[in-house]
Structure formats: C-alpha cells, structure tokens
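> Sequence order for the protein chains is A and B. The first sequence begins at 1 in the numbering used here and counts up one residue at a time. The second sequence begins at 575 in the numbering used here and counts up one residue at a time.
A portion of the hints provided could be inaccurate.
To be verified - Counterexamples of contact, computed for chain A against chain B with all Cβ distances above 12 Å:
#, residue
1, Gly52
2, Tyr95
3, Thr104
4, Pro111
5, Gln147
6, Thr210
7, Ser233
8, Thr249
9, Gly275
10, Asp303
11, Gln365
12, Pro408
13, Ala547
14, Val564
As the list claims (entries may be wrong) - Below are the DSS-like pairs computed for lysine-lysine, each with C-alpha atoms no more than 25 Å apart in a straight line:
#, chain 1, residue 1, chain 2, residue 2
15, A, Lys533, B, Lys803
16, A, Lys259, A, Lys311
17, A, Lys125, B, Lys680
18, A, Lys171, B, Lys680
19, B, Lys803, B, Lys786
20, B, Lys803, A, Lys167
Stated by the list, open to error - Selected chain A positions facing chain B (Cβ under 10 Å, derived; list incomplete):
#, residue
21, Asp139
22, Gly169
23, Ala535
24, Ile542
25, Leu558
It is worth saying that the hints were derived from the structure and are not from the lab. Positions of the beta carbon are idealized from the N, C-alpha and C atoms, including for glycine.
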Amino acid sequence: MKIVAKKKLWKYLFWLGPFFLMAGLTARLISPYWSPISLAFLITGIAVIGIGIILQSQNNQWLGSRSTQAGTNALVATLAVLVILGLINFLGVRYHYRADLTETQLFTLAPQSQELLHNLTQPVKVWIFDVNQNPQDRDLLENYRRQNSKFQFEYVDPDARPGLAKKFGYKDYGEVYLEYQDKRQLVQIVNQENERLSEVRLTNRLQQITTANAAKVYFLQGHGEHPLTAAESGMSQAIQGLTDKNFTTSPLNLAEAAKVPDDAAAVVVAGPKEGLFEGEVQALEQYLNRGGDLLLMIDPGTDPKLENLLKQWGVTLDSRLAVDVSGQGAKQGPAVPIITDYGQHPITKEFGNNISFYRLARPLQINPVAGVQSTPLLRTKPYPNSWAESDLQSEKLEFNADKDLKGPLTLGVALERKLPAPSTTQPNPTPSPLPSPTTQGQAAPKASPSPTPTTNNQATPTATPSPTPTTAATLNNQQGEKTATESRLVVIGNSDFATDGLFQQQLNGDVFLNSVTWVSKQEDQQPLSIRPKEAKNRRLNITATQANLLTLSSLLLLPLIGLVSAFLIWWRRR
Amino acid sequence: MGIVLSNIIAIYRRELQSYFVSPLAYVIAGIFWFISGLFLVMILLGPGGILPTITALDLQGQQLGVPVPPIDVPYEFVRAFLDRMGWLLLFVLPILSMGLYAEERKRGTLELLATSPVTNWAVAVGKLLGVLTFFITMVVPLLALEAFVIQQSNPPMAPTMLLFGHLGLILLAAAILSLGMFISSLTDSTILSAVFTFAVILLLLFVDLLAKTVPGPIGEALSYISLLKHFNTFIEGIFDTSALLLFLSYIFLGIFLTSQSIDALRFQRQ
Numbered sequence: 001m002k003i004v005a006k007k008k009l010w011k012y013l014f015w016l017g018p019f020f021l022m023a024g025l026t027a028r029l030i031s032p033y034w035s036p037i038s039l040a041f042l043i044t045g046i047a048v049i050g051i052g053i054i055l056q057s058q059n060n061q062w063l064g065s066r067s068t069q070a071g072t073n074a075l076v077a078t079l080a081v082l083v084i085l086g087l088i089n090f091l092g093v094r095y096h097y098r099a100d101l102t103e104t105q106l107f108t109l110a111p112q113s114q115e116l117l118h119n120l121t122q123p124v125k126v127w128i129f130d131v132n133q134n135p136q137d138r139d140l141l142e143n144y145r146r147q148n149s150k151f152q153f154e155y156v157d158p159d160a161r162p163g164l165a166k167k168f169g170y171k172d173y174g175e176v177y178l179e180y181q182d183k184r185q186l187v188q189i190v191n192q193e194n195e196r197l198s199e200v201r202l203t204n205r206l207q208q209i210t211t212a213n214a215a216k217v218y219f220l221q222g223h224g225e226h227p228l229t230a231a232e233s234g235m236s237q238a239i240q241g242l243t244d245k246n247f248t249t250s251p252l253n254l255a256e257a258a259k260v261p262d263d264a265a266a267v268v269v270a271g272p273k274e275g276l277f278e279g280e281v282q283a284l285e286q287y288l289n290r291g292g293d294l295l296l297m298i299d300p301g302t303d304p305k306l307e308n309l310l311k312q313w314g315v316t317l318d319s320r321l322a323v324d325v326s327g328q329g330a331k332q333g334p335a336v337p338i339i340t341d342y343g344q345h346p347i348t349k350e351f352g353n354n355i356s357f358y359r360l361a362r363p364l365q366i367n368p369v370a371g372v373q374s375t376p377l378l379r380t381k382p383y384p385n386s387w388a389e390s391d392l393q394s395e396k397l398e399f400n401a402d403k404d405l406k407g408p409l410t411l412g413v414a415l416e417r418k419l420p421a422p423s424t425t426q427p428n429p430t431p432s433p434l435p436s437p438t439t440q441g442q443a444a445p446k447a448s449p450s451p452t453p454t455t456n457n458q459a460t461p462t463a464t465p466s467p468t469p470t471t472a473a474t475l476n477n478q479q480g481e482k483t484a485t486e487s488r489l490v491v492i493g494n495s496d497f498a499t500d501g502l503f504q505q506q507l508n509g510d511v512f513l514n515s516v517t518w519v520s521k522q523e524d525q526q527p528l529s530i531r532p533k534e535a536k537n538r539r540l541n542i543t544a545t546q547a548n549l550l551t552l553s554s555l556l557l558l559p560l561i562g563l564v565s566a567f568l569i570w571w572r573r574r
Numbered sequence: 575m576g577i578v579l580s581n582i583i584a585i586y587r588r589e590l591q592s593y594f595v596s597p598l599a600y601v602i603a604g605i606f607w608f609i610s611g612l613f614l615v616m617i618l619l620g621p622g623g624i625l626p627t628i629t630a631l632d633l634q635g636q637q638l639g640v641p642v643p644p645i646d647v648p649y650e651f652v653r654a655f656l657d658r659m660g661w662l663l664l665f666v667l668p669i670l671s672m673g674l675y676a677e678e679r680k681r682g683t684l685e686l687l688a689t690s691p692v693t694n695w696a697v698a699v700g701k702l703l704g705v706l707t708f709f710i711t712m713v714v715p716l717l718a719l720e721a722f723v724i725q726q727s728n729p730p731m732a733p734t735m736l737l738f739g740h741l742g743l744i745l746l747a748a749a750i751l752s753l754g755m756f757i758s759s760l761t762d763s764t765i766l767s768a769v770f771t772f773a774v775i776l777l778l779l780f781v782d783l784l785a786k787t788v789p790g791p792i793g794e795a796l797s798y799i800s801l802l803k804h805f806n807t808f809i810e811g812i813f814d815t816s817a818l819l820l821f822l823s824y825i826f827l828g829i830f831l832t833s834q835s836i837d838a839l840r841f842q843r844q
C-alpha cells in the first residue's frame with residue numbers, strides 16, 4: 001500500500017515536465033536570445049517528460065495494446081498530413097500569384113520601383129530600428145521583397161543590438177536605413193502616429209544608393225527669392241523632394257561669386273522680387289551659353305530684369321495676370337488657374353489630366369526662335385474660362401477685348417537649345433551651309449559666322465553646325481552622350497506652387513521636381529517622380545432618412561426577426 | 575464516389591434541419607445580427623464614425639481652401655466593418671461549432687455515426703458544410719445592408735471589393751469552424767469545446783504578434799500561419815493564392831483531424 005502511494009506521488013512529479021518546458025519557452029520569448037537558463041529549463045522539461053513516458057509505458061504496457069497501435073497510426077498519419085500541408089504551403093508562398101483588386105492599385109508598387117528592383121543585382125537591405133512593426137510598412141516592404149529576393153529587410157530593436165545601431169549612426173526609434181554594399185543611408189524616420197514608410201522615398205533612396213551620383217542644384221538668392229529653409233513661403237519641402245531624388249542643393253549668390261559654379265547641374269531662380277544686377281544676368285547668360293540649365297519661376301508684378309536673357313529664347317513675360325474662372329468646383333478663386341492641360345514633354349508626360357494649380361500666375365508669350373525647341377508645358381483652359389487680365393485694380397473681373405488676352409494661356413514652357421560645338425570635340429565640325437531647320441518653321445536666322453559663344457549674341461544658335469534637324473526625337477537620343485552640347489531652360493510664370501504647403505498638393509510638387517530633373521539632364525539617371533499611391537476619391541451620400549432606415553433595420557429589425565422566430569419555434573415545440 | 579456525395583448531402587441536410595428548427599440557433603443569429611448591426615452603425619454613423627469624420631474633414635478643407643487628400647469612403651467602410659466582423663467571428667463561431675460532435679457524444683449518437691457505413695470524413699464534411707451554410711445565412715442580411723450603403727457612394731463603386739471581402743470572411747469562418755469541429759469531437763462537453771475553440775482561435779489570431787518577437791525564418795513561418803494576417807489581405811482587396819491556400823489548408827486539417835479523432839474513438843470503444 002505504502003509503495004503504491006509512493007509511486008503515485010512520483011507520477012505527479014512528471015507534471016513538472018510541461019512546466020519546465022513552458023518556463024524555458026517563455027524565457028526564450030522574453031529575451032531575444034537562447035540564454036543558458038531558458039535552455040536548461042527546456043532540456044530539463046523534455047527530459048522529465050521523456051522519462052515519464054518511458055516509466056508510464058513500463059507500468060501498464062499500453063504500447064502493446066490495440067488502441068495504442070491505432071493511436072500511433074493516427075499520430076503518424078496526422079504528422080504526415082501536417083508535414084505535407086506545411087510543404088504545400090511553403091511552395092505556395094514561393095510560387096504564388098498575387099492580384100491587386102483595388103481600383104487604384106493601392107497595394108502595387110509603382111512601375112519605377114518595380115523596374116528598379118528587377119534590375120537589382122547586388123543585395124540591398126533595409127534596416128528598421130524599431131520595436132513596433134507597422135503592418136502597412138511591413139506590407140510595403142514585403143511587396144518590395146516579392147519583386148526581387150535580393151531585397152531584404154529586418155526590424156531591429158536598437159536597445160538589444162546597440163553595436164549594429166551604432167554602426168548605422170542610429171539616433172532615435174523609427175529610423176529606417178538602407179544598406180547597399182558598404183554604403184548606409186537614412187531613408188526616413190517612421191513613427192506610429194502619422195509617418196508611414198513611403199514608397200517614394202524608399203525607391204528614390206534605393207535608386208540613389210545603387211547609382212550614387214549627386215547632381216548639384218543651385219538656388220539663386222539675394223533678390224527676395226523664396227528661402228530654402230522652412231520659413232514663411234519657404235521651399236523646404238521642395239528642397240527635401242530634391243534631396244530625396246539625389247540632388248544636392250545649395251544657395252547661390254551671384255552678386256558675390258562672379259559666375260555660376262562649374263559643378264552646377266542646374267540653377268533655379270525661384271520668385272525674385274527685385275531685379276537682378278546686370279552682372280548677375282550676364283553670369284546666367286554665360287552659364288547658359290556653356291551648356292548650363294536654368295529653371296526660372298517668375299511671379300507676376302515683379303521685374304527680374306531678365307528680358308534680354310529670355311528674348312534669346314523667344315520668351316516674353318506678360319505683365320498681365322492669368323485668370324481662371326472655371327475653378328469654382330475646387331473652391332479656388334479666379335486668380336488661381338487650375339491646369340489640367342499639359343504639353344507633350346518628358347516633364348509632363350505622366351500627368352494625364354491631373355491637376356496642378358498656381359496662385360497668381362503670369363502668362364508667357366513664346367515666339368519661335370531659330371535653334372530653340374520650345375514646348376509649352378502648362379496651358380490654361382480656353383476662353384471664356386480663362387484670360388489674361390490687365391486691370392488688376394477693378395473689383396470686377398471681366399474680359400476686355402482691347403487690353404486682355406484670350407486663353408488658353410501658357411504658364412510654363414520648356415526650351416532647349418543646341419550649343420555651338422566646342423571646337424575640338426565635335427565629331428562633325430564642318431558648318432552646314434544651310435541654316436539649320438528650326439522647329440517652329442520660322443526661317444529668319446541671322447547667320448552669324450562666328451561659332452564662338454559670346455555673351456549677348458542672339459544669332460549664335462542659328463550657326464549651330466548640326467547636320468541634323470532639331471527634332472525632339474533626335475534630341476532625346478543625343479542627350480545621353482552629348483549632354484554638354486545643349487542647354488535647357490524652363491520658365492514658369494509663378495513660383496508660389498513650389499512653396500511649403502502647396503508643394504505637396506496635387507501635382508504641384510511633381511511639376512517642380514520633374515522640371516528640375518529635366519533641366520538638369522538627370523532624367524535618364526533619375527526616375528521621374530513617383531506619384532504616391534492615392535485612393536480613389538469617393539464619398540457616401542447618405543441622407544438622414546437612409547441613415548435612420550439603416551439604423552432601424554440593423555439594430556432593431558434583424559435582431560427582432562432572429563429572436564421572434566426563436567420564440568415562435570420554442571412555443572410550437574412546447 | 576456518388577455514394578459518398580449522397581452521404582455528404584444526407585448529413586448536410588440533417589445538420590441544416592437541426593439548425594433551422596433549433597430556437598438556440600435563431601437566438602445566436604439574432605444576437606449576432608444585433609452586434610454586427612451595432613458595429614455597422616457605429617462605424618458609419620457613430621460619433622467617431624466614418625461619415626462624421628469625413629464631413630468634418632471636408633468642411634475643414636473648404637474653410638482653409640485646401641483640397642482634402644483623396645479618400646475612398648465606401649472602401650474604408652467595408653474594410654473597417656469586415657475587420658470588426660473578423661473579431662466578432664472569434665466569439666460567435668465557437669458557439670456554432672461547439673455542438674457539432676460534442677452534442678452527438680452526449681446524446682450517444684456518435685457511436686452510431688462512427689460505426690455507420692458513412693466514412694468519418696464524409697460526416698465531417700457534411701457537418702462543416704451545414705454549419706458553414708448556417709453562418710452564410712447569418713451573413714447575407716448584413717451583406718444586403720452593406721450593399722445598401724455602398725449604393726449611395728458617389729462616384730459609384732463596383733461591388734468587387736465588397737464581395738471579395740466577404741469571400742475572405744467566409745473562408746476565415748470555414749477555417750475556424752473546421753478547427754472548432756475537431757475540438758468538438760474531442761469532448762462531450764459543449765462548454766469545454768467552445769472554450770477550447772476560443773483559445774485556439776485566439777492563439778491563431780495572435781500568433782502574428784508573437785511572430786514579430788521571433789526573428790528569422792521561424793518568425794516568418796509563425797506569422798504565416800496567422801489567420802488574421804491572411805484575412806487582412808483579403809479585406810484590403812488583394813487576391814493572393816498563398817492566403818487562399820492557407821485557409822484551404824486549415825479547412826482540410828480540421829476535417830482530417832476530426833475524422834482521425836472519430837477513428838480513434840472507434841478503436842477505443844472496441
């Protein structure tokens with residue numbers, strides 16, 4: 001009797017097995033590593049359970065009985081099914097088909113990102129220093145990884161792996177880094193409240209880190225231009241956008257430096273309020289003549305003293321104000337032209353008829369000039385929806401045929417001009433006997449015999465010894481290898497659209513970024529901007545009656561149907 | 575094959591009949607409709623609901639003259655509602671599945687089923703189809719309410735997302751019911767069966783959270799078996815064959831385990 005009791009007591013000891021097992025697993029879950037303690041618990045647990053099973057089976061010989069055999073069969077079959085299901089699912093994850101049924105393809109990567117990932121040959125890894133994993137971020141990263149297995153990502157608890165965090169220069173939770181070969185770069189800082197991982201940033205950083213050449217863009221300062229920092233009417237968001245696209249930006253004061261620095265990929269003149277000095281204009285002209293590129297954003301009511309420079313390109317700044325009375329639907333005043341009509345140009349080719357808008361804009365007049373290829377970019381709606389208003393004092397906006405100009409107006413134009421060949425490097429230096437054909441068909445070239453670039457020589461471009469007609473197609477073909485043989489200019493009659501706050505709205509930022517990208521001849525290295533994924537704009541128009549109906553039927557009618565029929569059935573059965 | 579099919583249909587009919595004459599089933603349906611109706615109204619019209627929020631946002635945008643970023647309101651509504659429904663299933667489905675076999679055990683009819691010429695898995699499939707049909711009947715009125723809401727959207731919305739999301743809901747329900755059926759076959763106590771099912775589903779829903787603490791392939795595998803994660807891809811509107819495969823695996827596993835457990839029972843009694 002005593003022995004039996006003892007044996008029974010021993011039996012209970014084996015219940016410690018599962019306890020030890022759980023303790024070990026819990027310890028492992030809490031700490032990020034297998035610590036000796038958790039391992040010891042685990043091993044003890046398994047050992048106790050094993051001994052228990054062996055002793056138990058010796059006691060009552062259940063191993064031999066029929067039900068045990070059946071049970072073993074069942075166990076083996078179950079394990080086999082589990083393994084098979086596991087393998088099927090493993091294969092299913094490897095080779096799967098995925099379709100995005102949302103209308104705007106919310107969960108599909110932009111074509112630019114996909115192409116970039118497909119061309120990835122070296123492993124790239126994204127490190128996220130955060131303990132919280134946002135499901136949206138994870139989905140995005142998994143989307144990236146699905147495109148190419150060379151793309152990897154990992155969430156890291158910076159406190160648990162301080163060495164790694166230090167290697168990346170980690171400062172705060174939520175920092176996302178990109179690692180490629182031996183390069184490491186901060187992508188952005190995510191936080192749980194409002195800052196999600198952005199495909200735009202990630203793809204652009206990826207592009208940057210895998211190509212690695214930063215073009216430098218100078219912003220002219222000193223005449224009341226928009227500040228580059230986050231100030232009132234500052235351009236910090238535009239600067240950030242450029243930085244994300246692998247540009248470096250710096251201010252440029254031409255009154256101090258006599259010429260535009262040689263490393264400039266482009267110069268941006270954003271909304272000068274005062275006129276430029278003659279020397280500054282000359283510096284810009286010289287810069288353009290040696291293959292430089294310029295983005296001019298000139299607001300109405302200002303005189304930047306750039307007429308001479310612009311005349312060479314056939315652009316005249318109109319002093320009137322562009323008026324658009326069709327914008328009522330978007331709750332915009334008449335002084336805010338809304339553009340949905342874009343020219344066929346690399347800058348605007350992906351815009352479709354999406355919206356960009358320009359608060360107080362001046363129209364541009366474009367006259368064809370020999371050797372200059374011009375493409376209007378931003379066109380307002382035709383008259384009577386828009387016109388150029390000359391009388392800004394009067395309260396009433398109306399079209400006066402004698403003073404005002406009928407729409408459609410051009411608010412932005414992209415121009416490119418072939419440069420005279422640098423004397424030695426040009427492969428085909430014989431000047432063509434004919435003036436080169438011009439795009440606009442206007443054949444009034446004053447053939448200048450001098451092929452050397454001079455500062456104020458209007459006719460220089462006409463003597464371009466280019467044997468080919470300047471068409472857009474050939475230009476596009478040539479820009480890859482001979483970037484320095486042409487200069488580019490984009491003129492926009494407004495600078496407000498690129499300032500903080502407005503930059504992020506609609507296509508405004510894209511107009512600016514794409515313009516800078518094109519002007520600086522970076523579009524073959526840079527993807528033109530990626531539109532962040534946006535849902536289709538849709539509202540529910542539910543009237544009060546409908547709402548009441550809905551509330552009644554869902555809170556009262558349906559439950560009542562269920563309960564009443566339950567009661568009826570119960571009653572009948574009784 | 576024809577015999578098996580007709581067996582399945584026979585079991586299915588028997589199960590369905592038992593649901594539609596049982597007052598308890600109607601009580602469950604009524605409560606389910608009330609709770610999900612409450613969710614629907616709260617999500618859409620409640621104080622922090624979608625419609626008041628969007629109206630306030632639009633008004634704010636108008637006052638400041640800033641365009642509001644595009645929001646697909648009906649899509650957000652369907653997603654939010656289906657998300658809550660996914661949680662509601664956690665509480666409702668164990669109640670539906672608890673009696674599937676436990677009730678038979680208690681009444682002593684399980685021996686009849688286990689020793690009948692109908693194969694165990696055919697019984698399991700029939701029972702699962704029966705309870706799933708009952709669940710679908712519970713969901714259809716809600717689908718009609720949602721469709722009524724979607725009808726009012728401007729510009730109009732195609733019903734693809736709505737139907738696809740509900741397909742996900744039904745697949746999720748089938749997976750949970752299948753596991754619940756297995757658990758029900760293990761015990762003769764309905765309460766115990768419901769509680770265990772609840773615990774197992776809770777574990778399967780939360781395994782995703784657990785997986786995040788475990789790095790490497792084990793963590794990935796753990797996060798893969800999470801039901802909620804795959805349900806989310808469905809209600810977001812992404813068709814992924816691996817999600818479908820996982821749901822089907824769960825359903826198959828439940829049926830297989832049930833038939834195994836009834837098989838084992840047959841030998842135990844001998």
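> Taking the earlier hints as the rules, which of them does this structure contradict?
2, 3, 13, 14, 17, 18, 20 and 22
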